[in-house]
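Whole structure, please, built from the sequences with the hints as guidance.
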Amino acid sequence: MLYREAGQFSVRYADDRRFFRLRQGRLGLAALLTFAFLGVPLLGNDYWFSAILIPFLVLSLAGLGLNLLTGYAGQLSLGSAAFMAVGAFATYNFELRLPGLPLLASIVLGGLSAALVAVLFGLPSLRIKGFYLIVSTLAAQFFVQWALTRFGWFSNYNSSGVITAPPLQVAGLDFSSPAGRYLLTLGVVSALFWLGANLARSELGRNWMAVRDMDTAAAVIGIPLLKTKLLAFAISGFFLGVAGALWAFTYLGTVEPHGFDLSRSFQILFIIIIGGLGSILGNFLGAAFIVLFPLLLSNLATLLPAGFIDAGQLENLQKMVFGVLIILFLIKEPEGLARLWQRFRERARLWPLRY
Amino acid sequence: MEFFFEVLIGGLLAGVMYSLVAIGFVLIYKASGVFNFAQGAMVLFAALTFVSLLERGVPFWAAFAVTLALMVALALLIERAVLRPLVNRSPITLFMATLGLSYVIEGAAQALWGAQVHGLELGISDEPLELGGLLLSQFDLFAAATAAVLVIALSLLFNRTRIGLALRAVADDPLAAQAVGVRLQRVWAVVWAVAGFVGLVAGLLWGARLGVQFSLSLVVLKALPVLIIGGFTSVSGAIVGGLLVGASEKLAEVYLGPWIGGGLENWFPYVLALLFLLVRPAGLFGERAIERV
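Going line by line, the protein sequences match chains D and V. If you want the working numbering, it's the position in the first sequence, counting the first as 1, plus 3. If you want the working numbering, it's the position in the second sequence, counting the first as 1, plus 35.
Keep in mind that the hints were calculated from the coordinates and are not lab data. No residue lacks a Cβ here, since even glycine has one placed at the ideal position from N, Cα and C. Heads up, some of the hints might be wrong.
[Said to hold, decoys possible] If you anchor each label on the Cβ, the simulated ranges turn out as follows:
1. V:188 - D:343: 47 to 55 angstroms
2. V:150 - D:356: 35 to 43 angstroms
3. V:156 - D:264: 26 to 34 angstroms
So, in structure tokens, the structure goes:
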């Protein structure tokens with residue numbers, strides 16, 4: 004009943020190709036965006052913005068970046084955090100060394116730098132695949148972190164390698180309050196999701212899926228492997244780079260190279276496993292899970308008598324539950340939370356009158 | 036020149052330590068096609084269990100036996116709860132499952148035994164030994180000897196026993212092995228148990244070297260380039276790869292470090308492995324994959 008398509012006909016080919024074919028979907032998205040842009044800044048408080056909503060949005064974007072590479076193009080990467088770091092440090096340096104450059108322009112330039120680095124480390128993907136490719140992306144992870152710590156130039160010779168956010172101003176408006184940072188993040192993330200979602204169903208996205216499913220067969224039907232794979236690395240690098248810049252400047256404010264270590268890469272990989280490989284919605288679901296789950300667990304722990312479980316044990320417990328969930332998801336629902344949502348939608352379509 | 040040889044031999048011996056971890060990978064990859072990221076966590080778990088038992092006054096060999104029994108139990112559990120439900124799934128899925136597994140094992144090890152650093156004394160002095168004018172670490176020599184014994188024991192297991200025959204059959208062709216009555220599940224359990232044993236040995240040696248602590252689980256990252264260079268399917272490849280990585284990273288640190296800055300041993304093996312892959316995508320001793328459309 005909620006999701007009935009009765010009475011909605013496609014009268015032009017363009018109708019068939021719409022992202023949301025049903026009016027309910029389009030209205031839902033419009034309502035959601037309106038609420039996110041207008042309602043949330045009025046209703047939310049600073050804790051919600053800084054501790055939940057901003058990291059959620061940034062991690063969704065990072066998840067999308069990795070999902071394009073791993074979920075759509077099938078190239079497993081463990082170097083996401085390195086590309087995020089490149090994005091963050093490049094943005095910082097563009098702001099620092101080219102005074103007067105608008106913030107958004109330096110974020111885009113930072114993303115492009117990350118794309119360049121990603122292509123560089125993606126080059127071996129032509130010759131090596133699968134597990135062997137992990138090495139290339141891990142090389143990126145370790146090399147970038149080493150280079151950013153080693154060469155002081157990147158952090159403007161800060162003694163501990165820390166970079167600080169530039170003034171967050173876009174078109175003369177100040178975005179440095181928590182609500183402002185939220186709006187800035189939301190704007191960038193929505194724009195990039197629009198881009199990413201459409202990329203995934205473009206010719207390029209279809210080529211990626213063909214390469215993912217079997218690259219030899221893809222080459223046989225005339226898909227240029229070099230171009231397709233490198234574009235996947237470049238675009239994924241761009242998204243991750245922008246996510247890194249947002250992570251550093253709108254979420255944390257100050258960041259050091261160590262903030263982008265291997266565990267951050269794993270975190271982003273978990274987002275897409277839990278959310279759903281090869282799904283756009285899954286990035287949001289996975290990121291929401293990753294952000295909310297530790298909060299939920301620590302809140303549950305406070306319900307227990309004091310001293311029953313200490314902070315260290317809580318962290319261990321959290322790790323174990325995460326691991327178990329990953330394995331469970333892989334066994335029971337390899338397509339992640341996004342698939343659960345799809346099932347729910349199918350139910351909602353017939354509800355309350357089932358066959 | 037003498038200095039060069041000292042660095043070289045020191046590196047080779049350090050490489051043996053990497054090989055120890057890499058062997059555990061190779062065993063599992065060969066028999067079940069799983070790239071086991073949890074090997075590092077298993078090393079940590081084994082070492083932490085062992086050292087905690089020692090600290091509670093359990094004698095050395097009893098602690099060794101109990102830890103080994105625990106590793107075998109862990110292997111059985113993993114086979115039952117992780118591998119069996121995931122049978123016939125893509126290798127990448129299995130890899131991600133072992134990633135989850137490594138979180139579970141690391142969390143469990145630290146929840147059980149705590150997160151503080153434990154010292155481990157194996158009773159081998161770390162005094163340098165002079166051999167033919169070169170200063171060598173006694174401990175490294177001992178580690179190398181252990182690795183040699185381990186490799187010989189493993190090759191005896193593989194080549195002289197009935198279960199070894201089954202292991203080789205499964206590694207060669209799982210379907211054919213199943214058709215002639217080899218029980219795949221049991222082979223997996225055995226192989227994970229043996230990998231657990233190798234992890235225990237590696238954990239003891241690494242633990243004596245670095246102290247038993249969380250960073251032990253990161254040796255997995257050191258073992259990766261070793262595997263790449265040696266190939267995923269060959270035990271001797273793991274040894275050769277370990278020696279190559281160990282020697283080259285020490286030489287790079289000493290001779291390249293002053294030029295581009297120290298601390299490059301973290302990424303140098305990876306770049307080396309990458310260069311290797313560009314020339315030989317299946318490693319030195321790995322099997323070449325044949326692909327058909």
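Could you check the structure against the hints above and give me the numbers of any it violates, in ascending order? Number 2 - this is the single hint that the structure violates.
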